[in-house]
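Peer 1: For the protein sequence lines, the chains are E and D, in the order given.
If you're matching positions, the first sequence starts at 1 in UniProt numbering and goes up one per residue.
If you're matching positions, the second sequence starts at 1 in UniProt numbering and goes up one per residue.
Simulated from the structure, these hints should not be mistaken for lab results.
C-beta: ideal position from N, C-alpha, C; glycine also.
One should not assume that every hint holds.
Quick list of in silico lysine-lysine cross-link-like pairs, DSS-like style, CA-CA up to 27 Å [claimed, not checked]: (1) E/K200 - E/K185; (2) D/K153 - E/K4; (3) E/K185 - D/K153; (4) E/K208 - E/K178; (5) E/K123 - D/K249; (6) E/K81 - E/K92; (7) E/K185 - E/K208; (8) E/K124 - D/K249; (9) E/K123 - D/K181; (10) D/K93 - E/K4.
FRET-style restraints, in silico, Cβ to Cβ [said to hold, decoys possible]: (11) E/S33 - D/G62: 45 to 53 Å; (12) D/V17 - E/F188: 20 to 28 Å; (13) E/S75 - D/G238: 46 to 54 Å; (14) D/G62 - E/Q193: 32 to 40 Å.
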Amino acid sequence: MATKRIIYRLIFLGLTILIIPLLPIAIIFLGISNPEYVIYGTLNMDVSHSVSAWKIYTTFLKHIMMCDFGTSTASGQLVIKEIGSALGESAKSIIPAFCFSYGVGTFIGVFIIKSQRAENLWKKSAFVFCVPMIVFSYVFLYLLDRMGIDFLSSIKYLFTSLILSIYPIHIVSKSFSKTIFETTKSDFFSFHQSCGFNKKQIWKKFCKKFIFIDYLSFFENLVIYMFGFIFFVETPFGIHGIGYKFVFAIQRFDYPVIIGFCIFSIILLSIIGVLTEMIRLRLDPRTINE
Amino acid sequence: MRIQKRVIIYFLVFFWVFGYVYKSFIVNLEETKYLSAPSLRNWFGTDLTGADIFLRSMNALGIEIITISVVLPTIYCLGLFLGMLLSYFSNDKIREFFLNLIHYWVTLPVLLIALFLLILIGAGQINAIAVMIFILIPTQALYVYNQLETAKKNDFVIAKMSYGFSKSYIYIHHLFPNIVKGFTNYTLARIPEILMMNLALNFLGLGIQSPNSSFGRLLFDGLSFMFSAWWMWVFTVGEIIFLFLLINKFKIGDGDISNEFRR
Numbered sequence: 001m002a003t004k005r006i007i008y009r010l011i012f013l014g015l016t017i018l019i020i021p022l023l024p025i026a027i028i029f030l031g032i033s034n035p036e037y038v039i040y041g042t043l044n045m046d047v048s049h050s051v052s053a054w055k056i057y058t059t060f061l062k063h064i065m066m067c068d069f070g071t072s073t074a075s076g077q078l079v080i081k082e083i084g085s086a087l088g089e090s091a092k093s094i095i096p097a098f099c100f101s102y103g104v105g106t107f108i109g110v111f112i113i114k115s116q117r118a119e120n121l122w123k124k125s126a127f128v129f130c131v132p133m134i135v136f137s138y139v140f141l142y143l144l145d146r147m148g149i150d151f152l153s154s155i156k157y158l159f160t161s162l163i164l165s166i167y168p169i170h171i172v173s174k175s176f177s178k179t180i181f182e183t184t185k186s187d188f189f190s191f192h193q194s195c196g197f198n199k200k201q202i203w204k205k206f207c208k209k210f211i212f213i214d215y216l217s218f219f220e221n222l223v224i225y226m227f228g229f230i231f232f233v234e235t236p237f238g239i240h241g242i243g244y245k246f247v248f249a250i251q252r253f254d255y256p257v258i259i260g261f262c263i264f265s266i267i268l269l270s271i272i273g274v275l276t277e278m279i280r281l282r283l284d285p286r287t288i289n290e
Numbered sequence: 001m002r003i004q005k006r007v008i009i010y011f012l013v014f015f016w017v018f019g020y021v022y023k024s025f026i027v028n029l030e031e032t033k034y035l036s037a038p039s040l041r042n043w044f045g046t047d048l049t050g051a052d053i054f055l056r057s058m059n060a061l062g063i064e065i066i067t068i069s070v071v072l073p074t075i076y077c078l079g080l081f082l083g084m085l086l087s088y089f090s091n092d093k094i095r096e097f098f099l100n101l102i103h104y105w106v107t108l109p110v111l112l113i114a115l116f117l118l119i120l121i122g123a124g125q126i127n128a129i130a131v132m133i134f135i136l137i138p139t140q141a142l143y144v145y146n147q148l149e150t151a152k153k154n155d156f157v158i159a160k161m162s163y164g165f166s167k168s169y170i171y172i173h174h175l176f177p178n179i180v181k182g183f184t185n186y187t188l189a190r191i192p193e194i195l196m197m198n199l200a201l202n203f204l205g206l207g208i209q210s211p212n213s214s215f216g217r218l219l220f221d222g223l224s225f226m227f228s229a230w231w232m233w234v235f236t237v238g239e240i241i242f243l244f245l246l247i248n249k250f251k252i253g254d255g256d257i258s259n260e261f262r263r
């Protein structure tokens, strides 16, 4: 079952790559819109003359396979080069954000389990996590300026990482405390206790893995969340990462960059998803008998 | 004297409605000032084009309400239909294929897909709503399917089957009422997600177009005046916080969206 799921995901990943170039053709064919400008910009192909749908499809597919999305109409640079430099810039915020999310989330989770007061305090302050991250970006940026801190220095990466990790911290801490609670109450735990192991030994020998698997189970969605909403932090802070470049590509109608970013991110995140799923299913003893 | 929270909410609603009517008919006709600070005439100040920020934010609030009232019922009905269809037909191969397809869809970066589709079909709030509906339905269907599969294992369903009731009868009269409350809560709990997505699409300029306004657009416009004209973004930020906290306060849906992050 587990292997089947992976095979299915790989098949769908292949189908995604095959379907993406079909979308503009389908949209033209169905008469929803006329994205000729997108095709012209990305493929450098004038579709106002009689060009067959098959030719557009195969050219687009070839471009995707070769990671060739043309050149940016604004900067004149190759789109793939722009993506590469933007990814490097975004990684400076995303990687620390992951460390914050898992580190601080686990720390808070431990506190929630150990102290009732901490749990109550945490529950009362949970409303903070309902606020969208763009609000934090604006408020932090304004306060930094008021406090006289140069927000254009490297400190901006620290703040963007913090803002990016606010909601994930909530998710990690909640999940951590839930997993510990469920595992402690499970038959698995009482069985090992009756075998003569003490709590510490059981956690050390058997249960650590469960927390790791649990963390892995939402790693993929955290990546998607951070990648998807990164423009909410990069645009106000002026970090020239994926989000910032994407926003300004839309403002400048720089279609090769927009399409390149979208397709590249969708495929990259899908591959990350498949890899995470493979590792998770390989590690999880509960899926062996599925 | 302790002021009830409900009174504050009533007051704010009244303030918005009264302010919108008052400003639409009286103040807007007067001479406009460009980028003026909040005053008695322009409560939230004016923007670069001289438009009243209060009126723009009211317009944005209206757009958000319309978006939610279109997206929510549509994803509810279509999700329910698809989920029931998946659960009803017991052809294992087809069901397995579709289930894996939905599972795969859930793991895709839906916002990026939405952006890609919007670039192709063109910007506009109607297109944005259509795209949002399209990308949210699979998760709805998956929820219905999972709930139905759990409900199917109940003893009363097996008993009804042994009495000879038809499959469709059991689905309509027993399984559907069993899941409907949970599904309604789940759908309502997605309001913040829809708002957030709408905010993102409008921030990028792919949603509502001028002369209408949205919170995302207001925030983007305010970015250039972050330090020189604070009123361009402060009130919008306040309204967004208020909107999200209001949803959280009333526990609309009462669902646990954080479970969405688990596979």
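Peer 1: Of the numbered hints stated earlier in the document, which are not met by this structure?
Peer 2: The structure conflicts with hints 11, 12, 13 and 14, although it agrees with all the remaining ones.
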